[in-house]
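Use these hints to put chains B, C and D with the ligands onto chain A, whose structure you have.
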Amino acid sequence: MDNKDKNSVQQKPEEPIRPDKEHSRHIYRQMLTIRKFEENVNQLYTSAKMPGLSHLSIGQEAVAVGVCEALRSDDYITSTHRGHGHCLAKGAKTNLMFAELLGKASGYCRGKGGSMHIADQDSGNLGANAIVGGSAGIATGAALSAKMRGTDQVAVCFFGDGALGQGIIYEVMNMASLWNLPVIYVCENNLYTEYTHYTETTAGDITARAKAFHIHAEEIAGQDIRQVYSTSVELVERARSGKGPSFLLCNTYRYFGHHVGDINRAYYRSKEEENEWKTNRDPLIIFAKWMTNNEITDESGIDLIESEVQSEIEDSVKFALDAPYPDPEEVNKHVYA
Amino acid sequence: MDNKDKNSVQQKPEEPIRPDKEHSRHIYRQMLTIRKFEENVNQLYTSAKMPGLSHLSIGQEAVAVGVCEALRSDDYITSTHRGHGHCLAKGAKTNLMFAELLGKASGYCRGKGGSMHIADQDSGNLGANAIVGGSAGIATGAALSAKMRGTDQVAVCFFGDGALGQGIIYEVMNMASLWNLPVIYVCENNLYTEYTHYTETTAGDITARAKAFHIHAEEIAGQDIRQVYSTSVELVERARSGKGPSFLLCNTYRYFGHHVGDINRAYYRSKEEENEWKTNRDPLIIFAKWMTNNEITDESGIDLIESEVQSEIEDSVKFALDAPYPDPEEVNKHVYA
Amino acid sequence: MPELTDRVITFSQAVNEALAEEMRRDKTVFIIGEDVAEAGTPFKVLSGLVEEFGTERVLDSPISESGFTGIGVGAAMTGMRPVVDIMFGDFMTISMDQIANQAAKIHYMSGGKLKVPLVVRTNLGASRRSAAQHSQSLHVWLSHIPGLQVALPSTPYDAKGLLKTAIREDNPVIIFEDKMMLQDKGNVPEEDYTIPFGVADIKREGSDITLIGTSSMVQVALEAADQLEQLNISAEVIDPRTIMPLDKKTLIDSAIKTSRVIVIDEGYDSYGVTAEIASVIAEGAFYHLEAPVKRIGAMDVPIPFSPVLEDLTVPNPAMVVEKAKTLFSGI
Amino acid sequence: MPELTDRVITFSQAVNEALAEEMRRDKTVFIIGEDVAEAGTPFKVLSGLVEEFGTERVLDSPISESGFTGIGVGAAMTGMRPVVDIMFGDFMTISMDQIANQAAKIHYMSGGKLKVPLVVRTNLGASRRSAAQHSQSLHVWLSHIPGLQVALPSTPYDAKGLLKTAIREDNPVIIFEDKMMLQDKGNVPEEDYTIPFGVADIKREGSDITLIGTSSMVQVALEAADQLEQLNISAEVIDPRTIMPLDKKTLIDSAIKTSRVIVIDEGYDSYGVTAEIASVIAEGAFYHLEAPVKRIGAMDVPIPFSPVLEDLTVPNPAMVVEKAKTLFSGI
Ligand SMILES: Cc1ncc(C[n+]2csc(CCOP(=O)(O)OP(=O)(O)O)c2C)c(N)n1
Ligand SMILES: Cc1ncc(C[n+]2csc(CCOP(=O)(O)OP(=O)(O)O)c2C)c(N)n1
Ligand SMILES: [Mg+2]
Ligand SMILES: [Mg+2]
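So the sequence lines, in the order shown, correspond to chains A, B, C and D.
This note's numbering numbers the first residue of the first sequence as 1 and each following residue consecutively.
This note's numbering numbers the first residue of the second sequence as 1 and each following residue consecutively.
This note's numbering numbers the first residue of the third sequence as 1 and each following residue consecutively.
This note's numbering numbers the first residue of the fourth sequence as 1 and each following residue consecutively.
For reference, chain A alone in the conformation it holds in the complex (with noise of 0.2 Å):
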């Protein structure tokens, strides 16, 4: 591995594509919503009021939301363990995700899957995984698929830099070149595995990795939506004009720890660290910016989409924690349709 920076992002010397002034807002919104989400959820988690644990992916927002703002509503996207992000940005509403979360019935997944699992068929989220690489091989063949039954439809595979580790993302990038076929796989290098800094795990050059496939590859800000966006677009342009699969490394951070209970930290990463990017690399922070220097919108308009935001959320814990849970008699259901 490449003694690099921890910390260093590569910059792409291009100027992005400018989405215009009312996508731009939108695109704030989205992230917003994220953090919002996921703000709540810790909440949701520390006040006892949420089963089980679950991983949050604030800190990343702008992987999301740019590549999804890319995307389709009928295109595909699978993601993972940490997948609200995903989830939210591809179009799933708060509510039901709250609901699911708390294993109420009302949930995207009738409380069956929780928060590793959440799928949403009408917004083409094919699923969270709780497998590590474990919906590399769906996302892949979501894109054969499409290819198959003649549509023009993409598909997104998110990962993290830990299922670099997993043999089925090299078989699947494989086939995806030999076929061509319509799929991005987007890997979010947040540093970390659950506990360990991916330089312990990631030997060599990651993007070389899916260049030996003769696969298309960039490496990217992710903490930059304009780059996330522009460049997703270019990658999505590529797929569905037959071009094939393409990688897209984005450098990233996750601000919490790998789990909700995940507080101390010290052993393996240091406050330093976390801070920096916290106040330097802020995806939410550096967009607001560019948005008031661009006269997108004035601070206000910030923080009526911040009041937005915030009244959608309360509304939605407040309707997730009054959902009922299921019914006993529907443990049994579904196990075959």
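Simulated from the structure, these hints should not be mistaken for laboratory data.
A couple of the hints might just be wrong.
As the list claims (entries may be wrong) - Calculated cross-link-like contacts (lysine to any residue; reagent style SDA-like; alpha-carbon spacing at most 20 Å):
1. C:44 to B:259
2. C:113 to A:264
3. C:27 to A:153
4. B:49 to C:128
5. D:164 to B:336
6. A:21 to A:300
7. D:113 to B:74
8. D:164 to B:337
9. D:113 to B:337
10. A:211 to B:204
11. C:44 to B:265
12. A:147 to C:112
13. D:113 to B:331
14. B:333 to C:308
15. D:44 to A:263
16. D:44 to A:264
17. B:211 to A:199
18. A:333 to C:112
19. C:257 to D:286
20. C:113 to A:329
21. B:147 to D:28
22. C:179 to B:259
23. D:179 to A:194
24. B:211 to A:214
25. A:147 to B:200
26. D:113 to B:121
27. C:248 to A:335
28. D:44 to A:268
29. D:323 to C:283
30. C:179 to B:194
31. C:44 to B:194
32. C:113 to A:91
33. D:44 to A:261
34. C:248 to D:291
35. B:243 to D:56
36. C:115 to A:332
37. A:211 to B:216
38. C:115 to A:335
39. C:323 to D:283
40. C:113 to A:337
Frame of chain A; chains B, C and D with the ligands shown alone:
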């Protein structure tokens, strides 16, 4: 996949290490032993004296011998379903191998393993493997073990182009690179998996796959034993001296079918292609020519080797045919140590 | 029950016909696996399909069982009906995550929203001198995982009918063929038919003992039944045809009728299919059994290469007859 | 039987102690797995080991279960005694080829020449609201494969003793810990001791009914036994401790003595561990049983996330008591 000529083999520019005369004759004998061994395996099959099927490596002798001649007897190898060559090259005896292939009690594995599972601990052969890619972990683990035990042993993992489809190969290459293990991944690209050309199953660039993990990789003409041997000496030296893993891509060809029963091959490859390799790229012919040109031996010297090998093989076949089958009580021995 | 037909074809032809018919009927059906196209698999079961349906629907894959099984799962979730070909059942060990953690659970985990109409076609059975990594019968693993269905055809007729049902099912189905049965012949109608899952087939009626066999062990049971007839023992032979779902009622009813049962399956004996079936019957027919339910599975050893050893590990009619005799001698 | 000792430690500490002691005793023992070093695994079971033994013997691996299990196999074949850590039992699906086709068979396939002294440490059990891919109990799969041994400690004492035995064994051993038991406390002697495989432990003596429990289901059985005592039913509770090898004699003898049996295991019910044990007893104690052997496994559904559903799927003492009552009421 580069649409490179099927038969292309890349020549390494440097003059290989030149084995001394005696060693040259030994190398020739080893290659010839493999060839004659397998010709007799085919014979035993067609005359219905061998149970099951068997995969012949005739045509690929230079890879097995070139690599194993660079190893010490306490170095390790792991092998494949097409493993007779590796096994003999590492030091196994033809009589005990024939006995194993016939399912006899005096075989290397008491008849329990057969062609696809021959192992010979005494010569450092950790076993053939009937799972494509199945031994990649074992070889890498042997290298880790050597490092942990503080020996300077080296492990070689032989596998075919088809094994490049198995994810485990990439998982273990990653770890071998991270941990700087003394392991050499030897990929024998004989152009086909079972009945499919490797270009239909292998995207991109093979050595780039290893290099992406920062593994030193070389591609050589696998029909030229001098090249195989000299490159192997280098790579073994690297591994032994703590410089880490490497990957050796050997371009080669199997003359026979995927297994002894694969007689009608026209639907997947041409007679012309087969003849081209047998005539112009035969490792035995090439090396014999070099030996005579360089006065290492003359025609009669080669004939002598031939007749010695021939009689050894004849004795071995006879030994195996006469050997007794295992006792029925053997059947449930060795399930547990 | 088989329709009356004079047409006799092999097991292998029946499988091929089922695939061809379903692929003609439904454009979303496709095949993916190693050497499935021009080679038609090493067993030649798929010969001719690529010629009719092209390489777009008969996909030669790299040797990536985990990857292409996963691709099958994803394709199944998005409108296709893939038939994933795993060349030897032993290789499913490599794709068990995709089968047992993904395919099996997605419908349930999504609260019933997503479906995985996937077929995994693979095989089981020893006796081919292929040694320990090419001879296993691992069907019990799959039967243990909720969400999967497991079919074990024992005749050409069943092979065609069960495979068609599997392809039309909205759930993942693992269908195991015994490698030794591929050339077996039997009556197979030309018309379209399917065989419902969870319905056992009484292959032979009898009154003194029930022999329950799966896959090629049905033939072993039938041969044993013939031999038992010589001894004046009337054996009923039942083939569950699918072991998940399992037609417990037919098995228990027969056990109640005959009061003696032997279960024969080619998986390893311990913790195998025979254990489930034996325990279902021991419970369901408890008050009617004259003797304990007996189990005959493959010997609990890695399958040896040497023919003299391998043959000892697989159940055969003589073993069944011997075991049956002990059930009548009083103990 | 436990030595007399006052020292009380947790299950997790017992495991940690076993590893530390074996690593001190034998330089060839090492640990490999995800986040095993500084993090000491997410369950913190290995805390402190890397500090004592260094990163050379406590290896943090990439998330490559198949790869590092294979590395374990290779290291085991060449003089080391690896303890491979699979974070959740569900992830073994990814390394099943390395476990079932390689580790399990190498000794046999090599005619007894090669040995694989490998330990795979993993877990089983639901109830943590971790949903379908982090809650399974797949131990029956391993028990089905000849060449493997399977240990299921149910107390801190057994956890230490069985793990030590596993590490000293010359065969591959899969040891499953229940995630819910890690904080359970119990008496554990400081001295070195091992527990032989294949020897069941009678955790409580009784005369009216035998409750056979595995892993955390031993505790469920013990609680059920307490409740049954209130009903004047004397329950014997037996823990097989290893299910491969299985101490059939102790189980059958108890069944003969009590004449009624319930088997409780947290794997899926169908084709699970309960099937094997029930059928072994139904056969071995056939002439002594007053009622059919009853099985209680996990419900045959992917484990649901929602607590209200998940709790329905796992066997509990009330279910055992209810089932027991039916065995005494006539039919
Ligand atoms: C196959 C598998 N192995 C191990 C785990 C346990 N696990 C869950 S998340 C995780 C780390 C994943 O790291 P990464 O892919 O970088 O994603 P991140 O958590 O950083 O988003 C691990 C090891 C798992 N879920 N699946
Ligand atoms: C995991 C696995 N999948 C499939 C097979 C069946 N199979 C045996 S050999 C082979 C082709 C191997 O090709 P390659 O690796 O190039 O080796 P070669 O036969 O050319 O020496 C296949 C598919 C297998 N043995 N193992
Ligand atoms: Mg990460
Ligand atoms: Mg090849």
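Evaluated hints:
This hinted pair checks out: residue 44 (chain C) and residue 259 (chain B) have alpha carbons roughly 15 Å apart, not beyond 20 Å. Taking the CA atoms of residue 113 (chain C) and residue 264 (chain A), the gap is about 38 Å. The hint is violated against a cut of 20 Å. Proximity of residue 27 (chain C) to residue 153 (chain A) is assessed by CA-CA distance (about 18 Å); at most 20 Å being required, the pair is judged to hold. With a CA separation close to 14 Å, the supplied pair residue 49 (chain B) and residue 128 (chain C) stays within the 20 Å bound.
Simply put, residue 164 (chain D) and residue 336 (chain B) have alpha-carbon atoms about 18 Å apart, close enough for the 20 Å limit, and the pair holds. Distance hint between residue 21 (chain A) and residue 300 (chain A) is fulfilled; the C-alpha atoms sit about 15 Å from each other, no more than 20 Å. With a CA separation close to 16 Å, the supplied pair residue 113 (chain D) and residue 74 (chain B) stays within the 20 Å bound. Between the alpha carbons of residue 164 (chain D) and residue 337 (chain B) the distance comes to roughly 17 Å, so the proposed pair stays at or under 20 Å and holds.
Distance hint between residue 113 (chain D) and residue 337 (chain B) is fulfilled; the C-alpha atoms sit about 9 Å from each other, no more than 20 Å. For the proposed pair residue 211 (chain A) and residue 204 (chain B), the alpha carbon gap of about 8 Å is at most 20 Å, so the pair holds. Using a Cα cut-off of 20 Å, the hinted pair residue 44 (chain C) and residue 265 (chain B) holds, with the two alpha carbons roughly 14 Å apart. As the CA atoms of residue 147 (chain A) and residue 112 (chain C) are separated by approximately 26 Å, the hinted pair breaks the 20 Å bound.
Between the alpha carbons of residue 113 (chain D) and residue 331 (chain B) the distance comes to roughly 15 Å, so the proposed pair stays at or under 20 Å and holds. In summary, the hint linking residue 333 (chain B) to residue 308 (chain C) is supported, as the alpha carbons are separated by about 14 Å, within the 20 Å threshold. Using a Cα cut-off of 20 Å, the hinted pair residue 44 (chain D) and residue 263 (chain A) holds, with the two alpha carbons roughly 14 Å apart. Our distance criterion of 20 Å between C-alpha atoms is met by residue 44 (chain D) and residue 264 (chain A), whose separation comes to about 13 Å.
Taken as a hint, the residue 211 (chain B) and residue 199 (chain A) pair is honoured in the structure, with Cα atoms around 17 Å apart against an allowance of 20 Å. For the given pair, residue 333 (chain A) sits about 8 Å from residue 112 (chain C) by alpha-carbon distance, which is consistent with the 20 Å threshold. Between residue 257 (chain C) and residue 286 (chain D) the CA atoms are separated by roughly 19 Å; this keeps the pair inside 20 Å, and the hint holds. Restraint check for residue 113 (chain C) and residue 329 (chain A): the C-alpha separation of about 18 Å stays at or below 20 Å, so the hint holds.
About 12 Å separates the Cα atoms of residue 147 (chain B) and residue 28 (chain D), which keeps this hinted pair within 20 Å; it holds. For the suggested pair residue 179 (chain C) and residue 259 (chain B), the alpha carbons sit about 17 Å apart, so the restraint of at most 20 Å is met. Among the hinted pairs, residue 179 (chain D) with residue 194 (chain A) is consistent with the structure: their alpha-carbon atoms are about 18 Å apart, no more than 20 Å. For the suggested pair residue 211 (chain B) and residue 214 (chain A), the alpha carbons sit about 14 Å apart, so the restraint of at most 20 Å is met.
Restraint check for residue 147 (chain A) and residue 200 (chain B): satisfied, since their Cα atoms lie roughly 18 Å apart, inside the 20 Å limit. Restraint check: the Cα-Cα separation between residue 113 (chain D) and residue 121 (chain B) comes to about 7 Å, which is no more than 20 Å; the hinted pair holds. As the CA atoms of residue 248 (chain C) and residue 335 (chain A) are separated by approximately 19 Å, the hinted pair is consistent with the 20 Å bound. This hinted pair checks out: residue 44 (chain D) and residue 268 (chain A) have alpha carbons roughly 14 Å apart, not beyond 20 Å.
About 13 Å separates the Cα atoms of residue 323 (chain D) and residue 283 (chain C), which keeps this hinted pair within 20 Å; it holds. As the CA atoms of residue 179 (chain C) and residue 194 (chain B) are separated by approximately 18 Å, the hinted pair is consistent with the 20 Å bound. As the CA atoms of residue 44 (chain C) and residue 194 (chain B) are separated by approximately 13 Å, the hinted pair is consistent with the 20 Å bound. A hinted pair counts as satisfied when its Cα atoms are at most 20 Å apart, and residue 113 (chain C) with residue 91 (chain A) qualifies at roughly 16 Å.
With a C-alpha separation of about 13 Å, the suggested pairing of residue 44 (chain D) with residue 261 (chain A) holds against the 20 Å cut-off. A C-alpha spacing of about 19 Å is found between residue 248 (chain C) and residue 291 (chain D), which places the hinted pair at or below 20 Å, so the restraint holds. Using a Cα cut-off of 20 Å, the hinted pair residue 243 (chain B) and residue 56 (chain D) holds, with the two alpha carbons roughly 18 Å apart. The straight-line distance between the Cα atoms of residue 115 (chain C) and residue 332 (chain A) is roughly 16 Å, inside the 20 Å bound, and the hint therefore holds.
For the suggested pair residue 211 (chain A) and residue 216 (chain B), the alpha carbons sit about 17 Å apart, so the restraint of at most 20 Å is met. A hinted pair counts as satisfied when its Cα atoms are at most 20 Å apart, and residue 115 (chain C) with residue 335 (chain A) qualifies at roughly 11 Å. Between residue 323 (chain C) and residue 283 (chain D) the alpha-carbon distance is near 13 Å, which keeps this suggested pair within the 20 Å criterion. Restraint check for residue 113 (chain C) and residue 337 (chain A): satisfied, since their Cα atoms lie roughly 9 Å apart, inside the 20 Å limit.
In this structure, the hints that do not hold are numbers 2, 12, in rising order.
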